[in-house]
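Position chain B relative to chain A; hints supplied.
Those sequence lines, one after another, are chains A and B.
Residue numbering for the first sequence is 14 to 205, as defined by our numbering.
Residue numbering for the second sequence is 4 to 573, as defined by our numbering.
Everything labelled a hint here was simulated from the structure, so no lab data went into it.
Quick reminder that beta carbons are idealized off the backbone N, C-alpha and C, glycines included.
Be aware that a few hints might be false.
Each computed DSS-like pair below joins lysine-lysine, with the alpha-carbon atoms no more than 30 Å apart [as the list claims (entries may be wrong)]:
| hint | chain 1 | residue 1 | chain 2 | residue 2 |
| --- | --- | --- | --- | --- |
| 1 | B | Lys-195 | B | Lys-31 |
| 2 | B | Lys-563 | A | Lys-105 |
| 3 | B | Lys-366 | A | Lys-199 |
| 4 | A | Lys-199 | B | Lys-317 |
| 5 | B | Lys-366 | A | Lys-105 |
| 6 | B | Lys-317 | B | Lys-381 |
| 7 | B | Lys-31 | B | Lys-54 |
| 8 | B | Lys-366 | B | Lys-381 |
| 9 | B | Lys-195 | A | Lys-105 |
| 10 | A | Lys-105 | B | Lys-317 |
For each label pair, taking beta carbons as the anchor points, the in silico distance ranges come out as [claimed, not checked]:
| hint | chain 1 | residue 1 | chain 2 | residue 2 | range |
| --- | --- | --- | --- | --- | --- |
| 11 | A | Met-40 | B | Arg-76 | 22 to 28 Å |
| 12 | B | Val-13 | A | Ala-52 | 27 to 33 Å |
| 13 | A | Ala-178 | B | Asn-161 | 53 to 59 Å |
| 14 | B | Phe-485 | A | Thr-164 | 56 to 62 Å |
| 15 | A | Asp-157 | B | Ser-146 | 53 to 59 Å |
| 16 | B | Pro-198 | A | Glu-51 | 32 to 38 Å |
| 17 | A | Ala-56 | B | Glu-334 | 23 to 29 Å |
| 18 | B | Phe-485 | A | Ala-185 | 51 to 57 Å |
| 19 | B | Asn-161 | A | Ser-202 | 20 to 26 Å |
| 20 | A | Glu-179 | B | Gln-203 | 55 to 61 Å |
| 21 | B | Gly-417 | A | Glu-179 | 52 to 58 Å |
| 22 | B | Gly-29 | A | Glu-51 | 52 to 58 Å |
| 23 | B | Asn-161 | A | Leu-184 | 53 to 59 Å |
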Amino acid sequence: MILREHNPGSRYFIFHTPATGPPCKIMRHIISVLMQNEAGALARVVALFSSRGYNIESLNVAPTEDSLLSRLTLVTRGSDEVIEQINNQLLKLVDVVNTADMTMDDHIERELLLMKVAISEEGKAVLPHIIKTAGARILDDSPDSFILELTGANHIMDDFIWQVAEQSEILAVVRSGAMAVSLGTKVLSAGS
Amino acid sequence: MNPSTHMVPVLRSGSQILIEALQNNGVKQIFGYPGGTIMPVYDALVGSGLKHYLCRHEQGAALAADAYGRVTRKAGVCMATSGPGATNLVTGIANAFMDSVPMVVITGQVPTALQGTDAFQEVDIFGITMPVVKHSYIVRNVSDIPRIVNEAFQLAENGRPGPVLIDLPKDISAGMGETIETLPAPLPEASKPDPVAMQQASDMLSRARRPLVIAGGGIAISDSVGAFRAFIERTGLPVTTTLKGLGIMPTDHPGYVGMLGMHGNGAANHVVQNCDLLMVVGARFDDRATGHLSQFAQSARIIHLDIDPAEISKLRKADVAIVGELKPALEGLQPENKANATWLGQCAGWKKEFAWRYDAPAKGIYAPRLLRDLSRAKPEGLTITCDVGQHQMWVAQHCSFNDPLEHLSSGGLGTMGYGLPAAIGAKIAKPEDMVICVSGDGSFMMNVQELATINRYGIDVKILLFDNSALGLVRQWQEIFFEGNYSEVHLDDNPDFAGVARAFGVKARSISEPEEVSQALDWLLHTEGAAMLHVAIDSMENVWPLVPPGKPNHKMMSAKTADQGTGNGK
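Bound conformation, chain A alone (with noise of 0.2 Å):
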């Protein structure tokens, strides 16, 4: 039996369930990526992603404390063997040192979202109670428009995105895309 979930867009989506045992289950990953800071590092992670058919749900990249590392953290789903795949293939190239999927382990996941919105009369009566119950912050607020600042998991930014929305209209939305890091001792070094 094929499973195919809503507009695949890629053949990794789309998938034979075994014979026995239970269904392949589709789950979203955040994996973490630690790799040499060298020109095209990153262009080939992303090469790798489009020329295999992997979905990039969002992604981030950045320097380490250590000035010849970055690290890359991105978001995708599939089944348990896209996923595995994926980490196979991301560690064949040259210049990716270690990978880790945060999904796996405990971890405490952020995204950072900065959202610029137009005032109306009524949405000024109302905002100031969601900014507050979501934790988030209004970074400028100039007479017609907010720029507002909140840090949580991916599914709290979409709560409020929604919430917002509703009292008034989106002008931007800006998201850093997921960053997560394991709990306890436990890091994703070079030799882990």
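For chain B alone, coordinates are given in the frame of chain A:
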């Protein structure tokens, strides 16, 4: 230490440093084509002792380097200028990537200051080749050259081999620099096979009632043919091979059931569909080998041995995976029982039932029979290079190989035009061996210009050219799957191939009658220097058997079943 070395740093050009770095990595031959941005390197080449072969198209250079790499298991080196020179290499790079061939590619690039300005003959070859290289570099400093070259060879030749590209801007190759000699970094220690997986695999092999081994190209690449054959002798397991695995088992070995897959042998395809345990060694479940994937060897459990962890469970879930070097794994597997006699008897039965026949009522010369005759008459150490198409499948079916390096074929990419430049690369790598390029009239024209290379260097390459005045395999598919609606496959306006060969200084003969075959083959094998035998064959001849796309391997079409329906040609 000589105190004088402290005084004045010796400045040398990037090109001189490059040539020396290549030589330090054991390079003796380069295939290439000069042009604007690579000129400083060609300048330093003169008098360097490196032998350069001027191919007549960069693709020819890349494919010759590919064959050189396959035969020597050392990176073949090819070189071209920026822009069109570099893009012409891409097919050869992809070819090496798909078949895991060690290769180092050097491309000239516009000077650093012009990079990104759409300068004359500028292309982003680093970006263009990204999906088909194992790794790649853009050189930014003259002093980086030795390190980059050392790394490139190490990456290309170790682990799962592949092509590595070095893009060299002209200001770097022409610039002066001081270099400290760098030695290649020590190789990471090869991982030992996981003892738990080894034990599980041995147990599964002992318990299996209908076991089968698929031998793939990885065994040849890792130089594990001896270890593999010893394993088979020890266990008595039946063996099938992929296209790239041909020659791993001697064709006449009793346990060898032939090549599997789309144009594989009926015996191999039946054995694989009926086995209950499949041990896959250095192969990757390519769609041409498996047919319909979910119906492939449906009742079999899988033991997968490969050096590349990403091949494990990529297409077929492995029950046991042994990741790492094949040789120690093959040596360490010690199943208690030998393969059972009932199953071996069944395999032998299929082998008898599906043995190749050569009495097909073809008009004129029957190519499979000619290839069998060639194979029987062949001298020791004959290497056959193939192009892509019907002749390639006939070579795989009807020639016997005693070593996988005797058969050079573009497996993964299926590059028409591989055969002739590959023959050049193979002959240069193994000058003492006879090299025959078996080609077809379609493929041959894809790199026909390499006849000039053969002539220029007096390379003793034999060419066996089957001419059916058609793009045969496409014509066959149009006959079978497109109701004989022939579209752009007729080549009845082919040139006089023997005349073409002679124009390039290659001796040539043409035959079209079966009674001429024996004497003509004798002529080809015993003529001194490069020679071509042009063989006119029936344009309606097909390759059988054929597993139609999307069908499982045991649903093979043959000449007989095709005649009975399924859209016979009009």
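Exercise for review: Would you list, in rising numerical order, the hints stated earlier that this structure does not obey?
Suggested key: Checked against the structure, the hints that fail are numbers 1, 2, 3, 5, 6, 11, 17, 22, while the rest are satisfied.
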